[in-house]
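Please take these sequences and the hints and turn them into a complete structure.
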Amino acid sequence: MIRFSSVSKIYPPDFTALKNIDLEVQAGEFIFIVGQSGAGKTTLAKLLTAEERPTKGSVMIGDWDITKIRRADVPTLRRQIGVIFQDFKLLPKKTVHENVAFALEVCGAPISRIKTVVPQVLKIVGLEEKVHRYPRQLSGGEQQRVAIARALVHRPKILIADEPTGDLDTITAKSIVDLLTKINEFGTTLLFVTHNRDIVNMLKKRVVTIEDGEVKGDKETGKYIL
Amino acid sequence: MFLHLYRVVKFAFQNFWRNFWLSIVTISIITLSFLSVNFFIFTNALVDTTIQAVENRINITVNFKTTASEPDILVLKNAVEKNSYVESAVYISKQIAFEKFRAKQEKEGNTIVTDSLDQFEENPLFASLLIKAKDINYYPAITQIISQSQYEPIIEKTNLDDKSKVISTLSNIKQRIQQVGWIINIFFLAIAVLIVYNTIRITIYTRKEEIGIMKLVGATNWYIRAPLVLESVIYSVIAIIATVIIVYPLLGILQPYASSYFDGQAFDVLAFFSNNFLTIFGYELLASVVLNVISSAVAIGRYLRV
Ligand SMILES: Nc1ncnc2c1ncn2[C@@H]1O[C@H](COP(=O)(O)OP(=O)(O)O)[C@@H](O)[C@H]1O
Ligand SMILES: [Mg+2]
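Order-wise, the sequence lines are chains R and X. Numbers given in the working numbering equal positions in the first sequence, counted from 1, plus 509. Numbers given in the working numbering equal positions in the second sequence, counted from 1, plus 166.
Derived from the structure by calculation, the hints contain no laboratory data. Even for Gly, the Cβ is constructed at its ideal location relative to N, Cα and C. A couple of the hints might just be wrong.
Between beta-carbon pairs, the in silico distance windows are [unchecked claim]:
hint, chain 1, residue 1, chain 2, residue 2, range
1, X, A463, R, G537, 42 to 50 Å
2, R, D523, X, I357, 35 to 43 Å
3, R, S546, X, K374, 17 to 25 Å
4, R, E637, X, A463, 40 to 48 Å
5, X, L436, R, P601, 45 to 53 Å
6, X, R471, R, D523, 18 to 26 Å
7, R, S684, X, R471, 32 to 40 Å
8, X, V346, R, L600, 47 to 55 Å
Printed below as a string of structure tokens:
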């Protein structure tokens, strides 16, 4: 599904964020990417969404070499990859419903599709009762659920969660992890970037450890070791 | 397609309202540059009309000897009329000249003159020919035709009422106005273009978050860029409407001065702008839209990274 082959990323002028990354992720897999702050985890995620281009090597999604992706094809790529972040990235002046619908609107989706998809994804994340609230009227966990709902509107094959629980308390974080696990069980490949030891150890999934831009460990049912 | 357009228009107006004061400032500057262009058009039209008015008063008057016979005079008139330089040649016979003169004196109440006129047995006035050329530059050529020796016996005096000095002065003034006008117009247009550029830049900046999210969820470029370009077009459209709203009352105020400036020959500025409404405001709008689209496109290219 995803294959990094000898990928390096040097930020101009000369900062090496990733060095010779070889990594393969199967379709439907749940994989943790762990490592200290500044290790290069977010950079890795940005290579998948073509927000950054690798300096060397290639990134494949299926048969698609996205290192050679044309500008015009970037939106198509991003519709196949859902992304959520630590800071949710919701629009404060839009309601829950509008935030989710917005993602479909700006992709040119017809109204009929918006009408069916938005309630569906909001139901998946359990927010069907709060569709008319504004982000500030929601808890952190609920805001992250809105972001997850938004990431799901295009039925992505891949979901990247970049430290999604970073700002949440343990119990709320747990519920978000449960939700993501559920989404993964429906068949979505999940890249879970985190440095939360408890979550990693609890789930017993594959763990890839990144240190100074290099893969330092790759263990099935691994633990968080640093 | 219609749906896409609707959404783009919606987003464009959202941007417009979100930066309301910035939008107002931008529109004001564009309006100012429109006003400057229109003032230029106005002064140009005014000078043109002045020149025209002066030109219209230029003519050649040929006074014939009292002894000249009417057929001889008509031969000259025909020869002149056939000439392609000549706009018109009006023959005023002795009789008509006399009646005109008399009517004029009566109107002014000069009874002494009218009474003494009646004393004449013979009409004392000249017959004359009033010649207008199609262009002021043709007068010398026409004068030459008249001065041919065959006509000499019947002509008392040829009078070229030459206002070429006045006209060349006016032409100079017109040139000056155009030079200064262009400089001022370009100055205002340049400012308007920069302001639009900056406004779009600020819009991109204030919408950074939203644009980031749009990219994140895979929005097409069209949805990201088109509203910004459209926003700059909206500025032009509102500015041209504001300009029309400002220009017409101003013309109404200037109208009496402009028409009294030319005794008799009225210069109707209102009619001038109304008759050329589409040309004047249409081209202004078109030019402004083109400039704004270019300047917003440049701003987008520079500040909107994919
Ligand atoms: N756009 C950038 N330009 C230059 N350096 C960057 C840029 N983005 C990230 N970096 C650097 O690359 C390194 C890895 O960053 P990042 O991938 O965000 O790490 P992580 O997500 O693991 O904390 C950091 O040292 C960071 O300072
Ligand atoms: Mg990071």
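Now for the hints, and whether the structure bears them out:
no. : hint                        : result
1   : A463/X / G537/R: 42 to 50 Å : 43 Å, holds
2   : D523/R / I357/X: 35 to 43 Å : 42 Å, holds
3   : S546/R / K374/X: 17 to 25 Å : 24 Å, holds
4   : E637/R / A463/X: 40 to 48 Å : 42 Å, holds
5   : L436/X / P601/R: 45 to 53 Å : 51 Å, holds
6   : R471/X / D523/R: 18 to 26 Å : 21 Å, holds
7   : S684/R / R471/X: 32 to 40 Å : 35 Å, holds
8   : V346/X / L600/R: 47 to 55 Å : 50 Å, holds
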